[in-house]
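Each chain, letter by letter, is given below.
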Amino acid sequence: MKVVQKLLVANIKQFLRERSALFWTFAFPIFFILIFGAVFSGGDNINFSVGLVVQDDSPAAQGLTEILKQVPAFELNVGEEEAELQALKDGDRRAVIIVPSGFGEAISQGSKGDIDIYYDSTQTSSIQILLPIVRRVLDEYDRTIGHTPSLIQIQEKTLQTRDIRAIDYLVPGILAMALMQLGIFAAMPLVVERENRVLKRLGATPLRRSTMILSAVIFRLMIAVGQAALIIIVAKLVFHVPMLGSWFFLTGVIILGTLTFLAMGYMMSAFAKTQETAMPMLMAVQFPMMFLSGIFFPTEMMPSFMRPIMDAMPLTYLGDSLRQIMVDSSALHSHLINVGVLGGWFAVCLIVAVRFFKWE
Amino acid sequence: MNVVIEVENLRKTYGEIKAVNNISFKVAQGEIFGMLGPNGAGKTTTMEIVEGLRIADSGRVFVLGMDVKRRQRKIKAAIGVQLQTTSLYPRLKVHEVIDLFGSFFLKALPPDELIELVKLEDSRNKLCMNLSGGQQQRLSVALALVNDPQILFFDEPTSGLDPQARHNIWDVIKFAQEKGKTIFLTTHYMEEAERLCERVAIIDHGEIIAMGRPDKLIDQYFHEEAIEFQLDQSIGEDALHQLAGATNVVEENGKVTVYSGSVPLTISALMEMAKQKDMKLTELYVRRATLEDVFLKLTGRRIRD
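Protein sequence lines, in the order shown, are assigned to chains A and B. Take 955 as the starting number for the first sequence in my numbering and just add one per residue. Take 696 as the starting number for the second sequence in my numbering and just add one per residue.
Be careful, since some hints might not be right.
Straight-line distance between alpha carbons at most 30 Å, and here's what the computed DSBU-like set of lysine-lysine pairs gives [claimed, not checked]:
| no. | chain 1 | residue 1 | chain 2 | residue 2 |
| --- | --- | --- | --- | --- |
| 1 | B | Lys769 | A | Lys960 |
| 2 | A | Lys1023 | A | Lys1043 |
| 3 | B | Lys769 | B | Lys869 |
| 4 | B | Lys713 | A | Lys1227 |
| 5 | A | Lys1154 | B | Lys721 |
| 6 | A | Lys956 | B | Lys713 |
| 7 | B | Lys713 | B | Lys788 |
Simulated from the structure, these hints should not be mistaken for laboratory data. All figures in this text were calculated on a predicted structure; none of them were measured in a lab.
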């Protein structure tokens, strides 16, 4: 045990003295969260700048103005027709609503009152959101002046007990990615040490290989837990990403996930003779996993022929598991399946690694 | 003679190449035994089999009376090993690495004692990655000594070092011998073998072609001395062969070595010839034969080709 501890301390010292390793391990995932968080945080309160031109001074037109002012998604600018249309052309308005003169008179006589909406047809995405809102506002207004109570009322309820924001979805994914990289890239030092004959030199001492591997695994697990803690804390402080589930279960899944990817890394180091072959090999495994296992965006967005690939990747299950525990997202798989698949991958990689790893 | 290393009919083949081809030798307690030969001759392979790092195809190896195949951990606890080009933990400090290696053994010498022994006091707190080649090598020697071993193995201990660094390593090796340790080293430096080793085995193509005390080996193969000089024109080996007293002639790029049983006779004949043929003769000197000459005589090649 004394030797395990000595090797562990040596590993930690080496790690702390290597700035680039520190950066990639701790700062990189945090940058990821901050950047993605900043990108997605705009999605929470969408604001459309809308111009309103009222050319009618009837009570009906004033009433409509009041209602439009209350639409939270609109930043309403009341002005003259010419100025507002110019603002639309300049891109300062998403749409301009014009209430022409005679609008109030038409309504009071019981006929239809026309309203003009100008918009930039190239801005398809915002128009798709904006036009339905305007329609609904007008419907609502129509109903109040027509005194016809609406018979059907829509009650909006989402299926989940709480809303999952994009950042909530993303943070457990980034944690999963960080653990995957930590595990897989643990193969690199081993390949380097074999190439530099360090493993051989250690083999000339009574040091047991199991002792060496044990201390290396404990070292990686310590980093994994530290990394996870940092990611969770930053996400909580900056973006208020919650941690809803059991801390005990979360720690367990983090450890299982790290062990699985460590075994996968060691398995690959058994087949890569040099650093030059190891690096592309690790990349070839980690990149598809990063983008096809739904850690950044829901897997529903992927074409169906990719489903079997996603279903095979351990990262899919680690991401899903962490997401369920942390933000209580809807489950892709049950906890039992997630843990089972990770455990299965762990066992297979470990067996292959032990069978094929060469110390020289 | 108390034998501490015993190797019998050792063989190791890699594909078609016979790296070690039926090698047998013994090393006595307290001696410095060297294996001299060119790169790829099978020195390192032989040494690593004795250390228990490689497994032989056939043959028997006993270290301190124990079979290397069966008592590996016990043997490893009693030997010290220095390998070629090992760059250990680059971001550990010198004293930290020595301390770490000490922890692999049941008993270990204090790091500072070893640092003093290999003269690394000034670099005690340096990171290994910042050491010079000579300092790295001295650290490597210190690590081989960490468990106060009975037998020390050095694989090319001074390879690539400058003369001063080389002498430092030699001092440490001699000091270890004075402490009663047995030393087994490999080298392709003729000078290192002659000055350091009490006994050498000359090895080529996986076979031992000569073995014994360096001066005895030279005496065995050479009763003559070597006359060396540079010539500005080639006159052919045949003409030189006819010099009085000359037994053998080797000419390489204008550098001529004439082996002679009677130096005064040969030199005066050489002077006469130079005068007659108006040859320009430079860098003339006489030396006794070396292990390099022995190797050349036995194989027709130089050690460092």
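Results of checking the hints against the structure:
The straight-line distance between the Cα atoms of Lys769 (chain B) and Lys960 (chain A) is roughly 22 Å, inside the 30 Å bound, and the hint therefore holds. This hinted pair checks out: Lys1023 (chain A) and Lys1043 (chain A) have alpha carbons roughly 22 Å apart, not beyond 30 Å. Taken as a hint, the Lys769 (chain B) and Lys869 (chain B) pair is honoured in the structure, with Cα atoms around 26 Å apart against an allowance of 30 Å. A distance of roughly 24 Å separates the Cα atoms of Lys713 (chain B) and Lys1227 (chain A); the hinted pair therefore holds under the 30 Å criterion.
The suggested pairing of Lys1154 (chain A) with Lys721 (chain B) holds, with an alpha-carbon distance near 25 Å, which does not exceed 30 Å. With a CA separation close to 43 Å, the supplied pair Lys956 (chain A) and Lys713 (chain B) exceeds the 30 Å bound. For the suggested pair Lys713 (chain B) and Lys788 (chain B), the alpha carbons sit about 41 Å apart, so the restraint of at most 30 Å is broken.
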